[in-house]
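J.: Each chain, letter by letter, is given below.
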Amino acid sequence: MELQTIQTVAPPKGEALRKRELSRKLALPDEILLRVEKPARYIGGEFNSVKKDKSQVRIRFAMCFPDVYEIGMSHLGIQILYDMFNQREDTWCERVYSPWVDLDKLMREEKLPLFALESQDPIKEFDFLGITLQYEMCYTNILQILDLAGIPLRAADRTEEDPIVLAGGPCTYNPEPIADFFDFFYLGEGETVYGEILDLYLKNKEEGGSRRDFLMMVAAVPGMYVPSLYEVSYHEDGTLASFTPVHPAAAPVIRKQVEGNLSDTYYPEKPLVPYMRVTQDRVVLEIQRGCIRGCRFCQAGMVYRPIREREVEWLKKMAKKMLKATGQEEITLSSLSSSDYSGLKELVYYLIDEFGKKGVNISLPSLRIDAFALDVMSKVQDVKKSSLTFAPEGGSQRIRDVINKGLSEEEILHGAAEAFRGGWNKVKLYFMLGLPTETEEDIEGIAVLSNQIAAEYYKLPKEMRQGKVGIIASTSFFVPKPFTPFQWVRMCLPEEFKEKRRFLSGKMKEQRNAKSIKYNWHEAEMTMIEGVLARGDRRLSAVIEQVYRAGCIYDAWSEYFRYDVWLKALADHGLSLEFYTARERDRDELLPWDFIDVGVRRDFLWQEYERSKEGTVTPNCRETCAGCGARVFGGGVCYEG
Amino acid sequence: MKVRMRFSKAGTMKFIGHLDVMRYFQKAFRRAELDMLYSQGYSPHPLLSFAQPLGVGLTSDGEYLDLQLASSASSSEMIARINQVMAPELQIESFVRLPDTSKASMALVAAADYRISRKDGYEEEQIERFSDCLKELFFRPEIRIVKQTKKGESELDLRPFLYQAAITEEEYHSWPGQAVRLRPRVADEYENGQSLYLRLAAGSEVNIKPELVMEALFRMLGRSYQPFAWQLHRLELYAREEGGFVSLEKLGEEIE
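Residue numbers (the numbering used here), protein chains in the order written: chain A, 1062 to 1702; chain B, 23 to 278.
So that you can see chain A by itself, here it is in the shape it has in the complex (with noise of 0.2 Å):
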């Protein structure tokens, strides 16, 4: 070891301050950090994330999306409204995601609170949480969020000091299950009055009113739901009896909320790019909201109606600018059905013209198979690798006309046909099981469908083909769900589930291509669990807070799902699954969500599911309007021509 001695440099001062300055604080401690997966989860600081100096700020904001980080960065609807709120000067907008179960263990044996990703600071501390619910079995997850931030679980049991609690998102189109934890709810898009309901928070506070002061100003807000300000009772057989307000400042009948012109509003020119690879690690482009399909199991297609487009012009510009802040290498164009935006071959051709030689992906989903879709596919993937997409839902004619999924067998042969004719040879086939009036001949028809596009590909002369080809056909189970026409019908049970799983694996071995096809399916279980909260009433916040005090969280996560645990919940609170799922409704049944009006109207669901029964098909929005109410928001596919 040489041990010489030399002058040293003292640092300068300006270096050493900017030193300090520039680390950032986090709210775990290393030996937390350095033991739990993937770090990066929880030290914020991604590229285009806001700072601000909460000194300067009057209000401060936690989005939380109650699921782990890499789910949570990839939803768009939180990134917008992270934006929209951090344009505003008085406000500081952070998030939040669900600690992983590492991380969870670790916050609760060493009593550290939850923190948002931005500063860092306490979820305690801040002036409201809002939480976007996405699916039903992150409920647990909300849990999971108040728990570890120091907020009572239940709204009543709230103070002065706690923040207020509200939620957005599909699943608020039935809030009743999760009714007890929110203070309120918001119904329908965020780019509307999320403004005005900031605005009335500070006045409150000017005024030196109360937490209930400032819930009766929020429940005079168009589209706001304040729980606590209505009672429910019940009939001996459990159905509801009465749903009624018990404050004057409460409407009987609550609107969504609509954004009515979606090329002049809110959109993050400057999404943040996340360090860690996360589900949607890519820039994503809305190019229309809502759906002129109707399906009649889908709830996004009814409850985003009408449909809205947004300008080609303004997309072109849009996609120019967050590929330019975020340096993505990949596109996505986001929408329940490209196909359907008449503006989608020059906007496709452009993005592929103007990013394509920069090296950035374009990808498409929810593209129907057509002549376009090939020509496309084949110019921005590389066809050996990628697999054709087709949701024909139902597995025969008669059951997709049931469904009025406008899809013909006819149309995905042809569609198969050619896209192997150009050089695909997987595919890619979704179905469910369990839908209404459902047939051993219609469950048989996956099988034959699958095997009849596994046909279509030996009927190619052997020199134009690829290898072998591959089907992976999977199922899920049907859940009927509020705001479609199948809220009233009879959901199967466990068994039920299985047996028609058992069958169609049957019938899937004794296709002639059967070596071709891979079948895979999802588990009953969960999905009971998914159709009990879907079409829940009030009575099961407690079932969520019993299951969650058993020690569950992640229930969407198939490894930490404890089916026996919610059955035990709904047991001891003289609740059954049979009630929530396995019964028809009567059509004059009160329904949990009947005092939430999203436009489409309550009669236009059940003619839809008469026609259901008769197998007669609706024609979308385009064709014909079929009169479903959302006329009334004066705008998108209703007046278009």
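Hints in this document: simulated from the structure, not taken from any laboratory. Small disclaimer: the values here were computed from a predicted structure and weren't measured. Accuracy of the hints is not assured; some may be wrong.
Some chain B residues close to chain A (C-beta under 8 Å, calculated; not the full set) [to be verified]:
(1) G33
(2) D42
(3) R45
(4) Q48
(5) S65
(6) G79
(7) A109
(8) G215
(9) F250
By construction, the Cβ of each residue, glycine as well, lies at the ideal position given by its N, Cα and C atoms.
Given chain A, work out where chain B should sit, using these hints.
T.: Chain B alone, transformed into the frame defined by chain A:
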């Protein structure tokens, strides 16, 4: 043209793993609109490679990447342009043009310098005999350790791969092959002031993690090494040259 950049990784960035750092730079270079050259094929990717992965938990002043560009402005302009679209804790520190015949940094790495600092709030008093033990360790003819591998345990003599050791910054500065810059720019500083410096074999053939030396040192001290109590910081990466080491950035030239 081939260019080489040295970058620093500070503070919270120590939690970002190597694969994510690679992805990060691809995006950052696109944001900076660098005139990159791409590989051929269906999913073209920039011709970008990294010298040596840095483990999660370590910070660094001496990370390197090589990139192929179709055109470039001056080094200082390029550094400014890239850093503008980078996180403050992940910054480009130098930018040099490499001779066309130069080997990739990945193939050149032969040694790395580390500074290892005791974090505040872990052990109350200064560790006795710390400096003496380090000296003793360095002058031993062999340092036998047991290394955990995928197949179980294997024995290794660390001594041939421990090139330098020092307690003070002054001593560290006296090591041969030092880059011009004299002190760590982004390393976390602690009030207790206890640290040590190591130069260890690095690269694809033999790569010695500083933790292994720390474990051996603590065994001599009769204590157990607590990994969370020490912050490991990489200072520099070197290529082997006749008679010694040269830092990777010295193999290229600044673009005026």
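J.: Decide, hint by hint, whether the structure agrees.
T.: Hint check results:
| no. | hint | verdict |
| --- | --- | --- |
| 1 | G33 | 4 Å, holds |
| 2 | D42 | 5 Å, holds |
| 3 | R45 | 7 Å, holds |
| 4 | Q48 | 7 Å, holds |
| 5 | S65 | 7 Å, holds |
| 6 | G79 | 5 Å, holds |
| 7 | A109 | 6 Å, holds |
| 8 | G215 | 13 Å, violated |
| 9 | F250 | 4 Å, holds |
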